[in-house]
Amino acid sequence: MFLETVSLALSSIRRNALRSFLTLLGIVIGVAAVIAMITIGSGTTEKVKADISKLGSNLLTVRSGQPPTPGSVPVQARDFEVKHLNALEANLVGAKAVSGASQKTVRVVYGTESVTASVTGTDTGFFTARDWEVAAGRTFTEQETRGGIPVCVIGETVRKQFFGSGDPLGSIIRVARVNCPVVGLLESKGTSGFGQDQDNVVIMPLQAFQRRIAGNNKVETIYVSANDGVSTSEMQGRIETIMREIRKIGPDQDDDFNVRDQTQIANAMSSTMGVMTGMLSAVAGVSLLVGGIGIMNIMLVSVTERTREIGIRLAIGAQEWHILTQFVVEATVLALLGGVFGIGLGLGLAALASYVFAIPFNPSLSVIALAAGFSGAIGLVFGFFPALRGARLNPIDALRHE
Amino acid sequence: MAAQPFIEFTDLWKSYGEGEAQVNALAGVNLRIHHGEFVTIMGPSGSGKSTAMNIIGCLDTPTSGDYKFMGVDAGRLDRARRAVLRNLYIGFVFQGYNLLARTSAIDNVELPLIYRGAPRRERKLRAEAALELVGLSDRLTHTPAELSGGQQQRVAIARAIVTEPALLVADEPTGNLDTARSHEIMTLLTRLNEDRGLTVVMVTHEAEIAAYGSRIIRFVDGQIASDVKNEERPHVS
Numbered sequence: 001m002f003l004e005t006v007s008l009a010l011s012s013i014r015r016n017a018l019r020s021f022l023t024l025l026g027i028v029i030g031v032a033a034v035i036a037m038i039t040i041g042s043g044t045t046e047k048v049k050a051d052i053s054k055l056g057s058n059l060l061t062v063r064s065g066q067p068p069t070p071g072s073v074p075v076q077a078r079d080f081e082v083k084h085l086n087a088l089e090a091n092l093v094g095a096k097a098v099s100g101a102s103q104k105t106v107r108v109v110y111g112t113e114s115v116t117a118s119v120t121g122t123d124t125g126f127f128t129a130r131d132w133e134v135a136a137g138r139t140f141t142e143q144e145t146r147g148g149i150p151v152c153v154i155g156e157t158v159r160k161q162f163f164g165s166g167d168p169l170g171s172i173i174r175v176a177r178v179n180c181p182v183v184g185l186l187e188s189k190g191t192s193g194f195g196q197d198q199d200n201v202v203i204m205p206l207q208a209f210q211r212r213i214a215g216n217n218k219v220e221t222i223y224v225s226a227n228d229g230v231s232t233s234e235m236q237g238r239i240e241t242i243m244r245e246i247r248k249i250g251p252d253q254d255d256d257f258n259v260r261d262q263t264q265i266a267n268a269m270s271s272t273m274g275v276m277t278g279m280l281s282a283v284a285g286v287s288l289l290v291g292g293i294g295i296m297n298i299m300l301v302s303v304t305e306r307t308r309e310i311g312i313r314l315a316i317g318a319q320e321w322h323i324l325t326q327f328v329v330e331a332t333v334l335a336l337l338g339g340v341f342g343i344g345l346g347l348g349l350a351a352l353a354s355y356v357f358a359i360p361f362n363p364s365l366s367v368i369a370l371a372a373g374f375s376g377a378i379g380l381v382f383g384f385f386p387a388l389r390g391a392r393l394n395p396i397d398a399l400r401h402e
Numbered sequence: 001m002a003a004q005p006f007i008e009f010t011d012l013w014k015s016y017g018e019g020e021a022q023v024n025a026l027a028g029v030n031l032r033i034h035h036g037e038f039v040t041i042m043g044p045s046g047s048g049k050s051t052a053m054n055i056i057g058c059l060d061t062p063t064s065g066d067y068k069f070m071g072v073d074a075g076r077l078d079r080a081r082r083a084v085l086r087n088l089y090i091g092f093v094f095q096g097y098n099l100l101a102r103t104s105a106i107d108n109v110e111l112p113l114i115y116r117g118a119p120r121r122e123r124k125l126r127a128e129a130a131l132e133l134v135g136l137s138d139r140l141t142h143t144p145a146e147l148s149g150g151q152q153q154r155v156a157i158a159r160a161i162v163t164e165p166a167l168l169v170a171d172e173p174t175g176n177l178d179t180a181r182s183h184e185i186m187t188l189l190t191r192l193n194e195d196r197g198l199t200v201v202m203v204t205h206e207a208e209i210a211a212y213g214s215r216i217i218r219f220v221d222g223q224i225a226s227d228v229k230n231e232e233r234p235h236v237s
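Same order as they appear, the protein sequences are chains A and B. Number 162 in the working numbering belongs to position 162 of the first sequence; there are no gaps in the numbering. Number 111 in the working numbering belongs to position 111 of the second sequence; there are no gaps in the numbering.
Since the hints were derived computationally from the structure, they do not count as laboratory data. Just so we're clear, the structure is a prediction, and the values are computed from it rather than from any experiment. Just to be clear, a hint being listed does not mean it is correct.
As the list claims (entries may be wrong) - Below, simulated DMTMM-like cross-link-like pairs (lysine to aspartate or glutamate); rule was C-alpha separation at most 25 angstroms, straight line: (1) A:K104 <-> A:E4; (2) B:K124 <-> A:D199; (3) A:K49 <-> A:E142; (4) A:K83 <-> A:E144; (5) A:K218 <-> A:E320; (6) B:K68 <-> A:E89; (7) A:K218 <-> A:D79; (8) A:K218 <-> A:D228; (9) B:K68 <-> A:E320.
Stated by the list, open to error - The following residues of chain B were derived to be distant from chain A, with all beta-carbon distances above 10 angstroms: (10) G57; (11) D60; (12) R218.
Glycine is no exception: its CB is placed at the ideal position from the N, C-alpha and C atoms.
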């Protein structure tokens, strides 16, 4: 009897293929959105975690100012300069490397080719602190760093753009109108968790960058990597003490800088991502609700359209539960079908996103099962009322219905 | 035959509306129909003939009075029990055929057996036999749209008798058919009545069609105006 009802429902859906499809759309979109969001979200989180561990968990980042928090007055902060960097380096115990860096996105030209790349001015400590090796050539010499001589270490993307698979060393590229010989090639880091190409970079000595490109004395970020066996929280405390002294901050004044380790940055990222995923899932939830109401609507239409059919069935001996089952099963099959399409579409979107942003694609079986179950439940809930209405019809009136 | 009547109305009333607007579709009807009879019910519209037929078919219940169907107090049964009664003992034929659209003849005929919970094989065999009896062995997989009116009504009759009911209730079964087709259908019903002892209660407004009955009851204003034996039934070979 149950199988009969399911096949009956399927044939009724097939008879009204276009209408069924339009009804399904709400559920398809809702389920697809949920599946895509959760799959992409978990892939991104995984990627970010992998990136962080690549960076090294003992890396600390010092920036001027305080990240804005809701309701607080932004702290007016003086920029870091090289003297702050040198003072910190001189006084800090337990650091493997201390490095200052500033960054700007500029046009880089070689021959007739040009790219827009992120240019970082820094010193040799940067490569240690960021745990970033050169694949070919070298980093900067002491002389180049101190003298502010423009030499470049380029990323893989820049190399590919200008030299293909050829050797870039010794060629002179123009970085924002500064001629700059290439002395090194960085090892490839790939795409970051947020889809940023980390290899589209040019790195040059800090002083050269400040003088020739940025036109200021700013040091935007100070990277500190702690020695093995020195905890980041301990290191963070030491940096804060020294920085307050260097920047002459009174005991009753707040810090005008912030020190963060990678775990904190990772946590901030994932909480941002969590909020985004949550919001989009809420939108998807609304879509599912609308989809459910759509199913209810179409089932009411279906019951009205088939009043005569219900009358015939009741006259020849169908019980109320036969009719109820028929329409509830029809609604559930409809919603499940929407769920299946939605899961397919969602996974497709997630796979596409994972290909484009180079993040891992790992669909969660439990989420898929949940989505399928949930869409079935929508059919069950929203199909019940119209079905009950059909089942309660008076056979005489139903037979007379035109 | 001293057996109890097959169908028995005792002072049966059926009213619609309330107070001033109250209408008595049936006003104190007493009626006995015995097993094997072919009863045709006639009367102008609003005379109560359809109401009487709905109550006989256990689709409706009386407002007051008794309705006994095969000795069962059918007038006081709930919806679910009346559905069981219909499924087991009553077959219906309607004026508009009332077949399920886009559904093959054999699937239409199987429907009552599905609600009875019969296994698939048995359903198929019985539906085929019923369709053969009405002369449609070669139309099993045709949908109603592919059948003529007369053929559709034959499918409806096959659906009504596939459960081997004790009673066939027919509401203007020839109302949508031309004269030749009408007589074919009436011949079929008469044969079912005579050969298989199927009790038939049929509503019609055509005297010529009513003449197929062994007994003709005329309703006027919710009461039985005349109830006569019909000795001149058309001969059916």
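List of violated hint numbers, smallest to largest: 1, 2, 3, 5, 6, 8, 10, 11
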